[in-house]
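Participant: Residue numbers (the working numbering), protein chains in the order written: chain W, 319 to 474; chain A, 3 to 292; chain D, 236 to 940.
What the hints contain is simulated information worked out from the structure, not anything from laboratory work.
Check before you lean on any hint, since a few could be wrong.
To be verified - Below 25 Å or equal to it, Euclidean Cα-Cα: the simulated SDA-like pairs (lysine to any residue) are: (1) W:K329 - A:P56; (2) W:K410 - D:G248; (3) A:K154 - A:V144; (4) D:K862 - W:E359; (5) D:K862 - A:M264; (6) D:K932 - A:P251; (7) A:K186 - D:K932; (8) A:K61 - W:S388; (9) A:K61 - W:G371; (10) D:K271 - A:R39; (11) A:K92 - D:T867; (12) A:K92 - W:T438; (13) D:K817 - W:L465; (14) A:K92 - D:T815; (15) D:K862 - A:A217; (16) W:K396 - D:K817; (17) W:K387 - A:K61; (18) W:K387 - A:A217; (19) A:K186 - D:A498; (20) W:K387 - A:L12; (21) A:K186 - D:M875; (22) D:K258 - W:I460; (23) D:K258 - W:I320.
One letter stands for each residue in the lines below.
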Amino acid sequence: MIIEFRLNHEKRTIDIDPSARMLDVLRDDFGLTSVKEGCGEGECGACVILVDGRAMNSCILPAGAVCGKSVVTLEGFKHTKRYRAIENGFLKAGSVQCGFCTPGFVMATESLLNENPHPTDEEIKDGLSGNLCRCTGYNMIIQGVRLAIKEGEGLW
Amino acid sequence: MVNGFRPRTLREALQILSANNCTVMAGGTDLMVQRARGFSIRPDFDRPLVFIEPLEELKHSVRENGTLHLGPCMTLSDLLRHPAVPDPLKEIIGMMASPPTRNMATLGGNICNASPAGDTLPWLYAMNAKLKLQSAEKERIVAIEDFITGPKKTILQSDELLTGILVPDTRFHLNRYRKLGQRKGMSLTKASFLGMAEISGNTVTDIRIALGSVAPRIVRAAEIERSMLGRYVGDINAAAAVITERYQPLITPIDDARSTAMYRKKVSLDLIRQFLETLSGSPGTGTKSE
Amino acid sequence: MQFRGQSVKENIGTSILRVDSRKKIRGEAEYIADWKFDGMLYAKTVRSSKAKAAIISITLPEIPEGYAVIDHRDVPGVNRMRTVVSDHPIFAEKDVQYIGQPILLVVGPDRETLYDLAAQIDIQYREEPALFTLEEAEAHSRVFTDYHYKKADPEKYFHKAERIIEDTFSTGYQEHVYLEPQGMAAEFKGDTLFVYGSMQCPFYVKHALIETLAMPEDNVRVVQTVTGGAFGGKEEFPSLNGCQVAVAAHKTRRPVVMIYDRAEDILCSTKRHPAKIRYKAALDKNDTVVALDIDVLLNAGAYNGLSPVVLQRAIFSATNVYNIEHLNVRGRNFMTNTVPSGAYRGFGAPQTIFGIEMLFHTIALKLGLDPLEYKMRHLLKQGDPTCTGGRVHETVKMPEIIQAAVERSGYYDKLRTNKKFQGIGIALFLHGCGFTGKGESQIRGKIVLQKCRDRVILKVSSVEMGQGAETVLRKIVANTLDLPIANVLCEKIDTGLIPDSGPTVASRTTMIVGGLLHDAALEMRARWDEGTQFEVSKIYEHPDYLSWDDETFRGDAYPVHSWGANVAEVEIDPVSYELTVKRITAVYDVGVPIDERALIGQMQGGIVQGVGWATVELMESEGGKLKQGNLTDYKIPTSMDVPDIACYFISNPYEFGPFGAKCAGELPFVGAPPAVAAAVSNAMGCAIRDLPITPEKLMETGHDH
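The following block holds chain W by itself, in its conformation from the complex (with noise of 0.2 Å):
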């Protein structure tokens, strides 16, 4: 199948199963390793993406469903001003320790924030609950999404 879309702004067009794993195609088919794979299964969020915006599981989203779609990883967002601000409040809380689950965080971060730019602490803690990190218990974390919110102030 012809699959049409954007992908980090730019126009693809490629010729693919429509069943395979946004997951794989960003990873094998555009060298796009940012984005990982925790489980495969839609559970921890390692493998989030922007879809017109908005954070999806590109492990349990088919190739087919992106058609005339803008898809963003991590690769296309870290250009923005927004990126540098969510990179100096998780720089700056400690939010990272082994990293694997961080660049799937970054992401959901951005989609919390383009939805509702002043979270409360439970809006925070819902809006990356779809995300699972092992080493941080996710309080430095939360404490980077604030520190995020607080420098890039403006730009959501």
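Based on the hints, put chains A and D in the right spot on chain W.
Facilitator: Chains A and D in isolation, oriented as in the chain W frame:
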């Protein structure tokens, strides 16, 4: 390698379904997990896929002549944001899965997957929802309890699509929902309870109770509900244990990786009893609330 | 007595930015699944579907060109994974002992073809009677390891006891759920084998390869790739899958990569040992515990592996922070036909410390005493004998730690004012720093510091796996030498380039390896002007005041301990018995923090893992098959499940630690579970004897009351 169809209109989608033996793909959050095979491997599909999620005709919700029309291809996130969606349903959806999954999963998918743990089902059962099933040739409207025939089993034909979800626009003053999961965030349901009641002058004028994950299908007992209509809330309170006992044979849960049959049954019955006992403290009764 | 580094800097604890964060946030860190090799083949493992069986026949489908099957006949050397007990076959030979045991690999260029080929392989088994549970294994005396030690004269004190109290506690499996699943790759460059992957212990993997591939040491190199969490799960296991890919690369002469998906990882990787601990306590007329009989049973699974040393830490931690005069301690590892258990943060200690904390809690309640006051009666002090007859050499600040935990949490106020279904509980705990017994003196870790003009390169085998080792080790050297951290670099973790400073385990990295680096840096500082390029190396020497006898288990099992107290606050839903851990107040003595933010990250993460094990992380095996085989069924805490956590540190510099630092990584895991259990006990008014505390179990316990 399977093929795929990307219809632009509902009509086109129905034509594809009547001409081909296809697998319908909405959000994919259940199907892609059920068919997953392993690390970096395509899932196991043997029929062409029809991608219906983008169909605009299936993404509208409106309130019209006492009926709430919910679009089957609306994602759970769409529903959370939509002004026509009643709060009790939003409360349920807000506790489902996680934001990335809610951004993908559709209401129609939750219905057609027909899992006893499908979280929107107790509400749809309790609200007497009807489903519109359409094929290229015909359309039919069925009650949700007739649509789902067992775990993962429905009467949907291979050339049919679920194209409408019709919910009588009934409001209840008292809504109580409890979802029991293994943890607070992102959990499949071990057992769920939904109780809704309307009370006027200390008398029950309408009451609905639905339970998820505790039987092959959603548990709702119209007869028991009817027996409570017109009764004083104080009587219901006094008879709560007896009424709850009538639910006993209907609740037939299993042991699995997530919970035990005994726990599911006891907690479900306790939640029913607690709901019945607190009716007397609810709005419309004029007594002090709990 | 002056502790090392006192003269150098006062502000070592001040937090700095982690050196590896930015790359990870940008998604640019390359984990093994992100690596590509020219001409690489993928590998898929075919595993046993039977818990115990003889393999009668293996029928292969037609194997297409470019694909190969690798089994035990392809192993050039020893077909056993080298570890403490080298009993796990690299590939099964005539029999299988657990569901998921590796039998052979299929390798080839296309992953889907591999899956299809693997599915077509027909293995015929003759099933044999299997044992699955600790109870069954005990009834059949299927014992791998049986340890015993004694202190003073327990028989006499049991004989003259005023009162004898018996109790039994148990704990379940725990899956590590490092976010990055296991993955290894191997390739030959000429005669030299390179193995790459996600691991904690590059030299463990190297030594395993030398034996399995029968290759000379100089021709084997192991390279650690960015490791996405480990927690003990990548301690011994990578030696197994590392050997498998190496045998495949040896046979095919092509690079071979093997990455697990989560279900395969859960199926076959090691887990925390399920445990049962039986206690018999002799009380004197003042209700003080004067003698204890402790019987520790661990489920080791189908192979013993490194379970003996897990058992050692379990039994040497069995009296926790208490001074019990007379002791009789037995520990046994049992063989069952289940997936092997292995290293997991805490290494046997969380099981026995949960047990004894709940024992003291339960005895106190039985006697109508305040659990904390009762525990404090038995506290170890400096100079007291340890359970193995060594000495508590360090200053013990438990009274201060406890006071801080009680005050910061409002413990006694809440104990009074809590309503039913609200609970508060306290746990006291310690963790022995570094290897058990002679471990450190046998390994004799080496490190090298190399000066290159204004830069210094540190060469160690301690890996960064998320815990912050790279930042902390560089910081120790930079602070000692007064250099910016950017001028202190870590050599790549490649066994061809670094000395063996020991594995990244046992909370030993900061204290032992960091201590060696600190010594080397002090020497380099003194000799700084000797030249633009020179090296300083150090080899670990066990402090000579410590003694240990491996035969009798007498002496100092650990050089020093880190200590702590946790207060947990919980709420329980009266209808559904759902448990909410609201708050954890944690106070620790880890000597001196090297980097406070990195340390708090370790503490919070460890607490949440411990809370997970104590509450939601239910994993059960039925007929040798795990009931929770994926992350939909096996639940770890999410952001919505974590309690508020407040961490405090009591400074207590350790003479032999860098800047006074002791161990930290495992300590937080040990303390949280018994604190939660004590709080639940308080909320429900019943004893808690089994982890995890699920609503299902609470419903039954709550009923009993």
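Participant: Which constraints among the numbered hints does this structure fail? Numbers only, ascending.
Facilitator: 16, 18, 23
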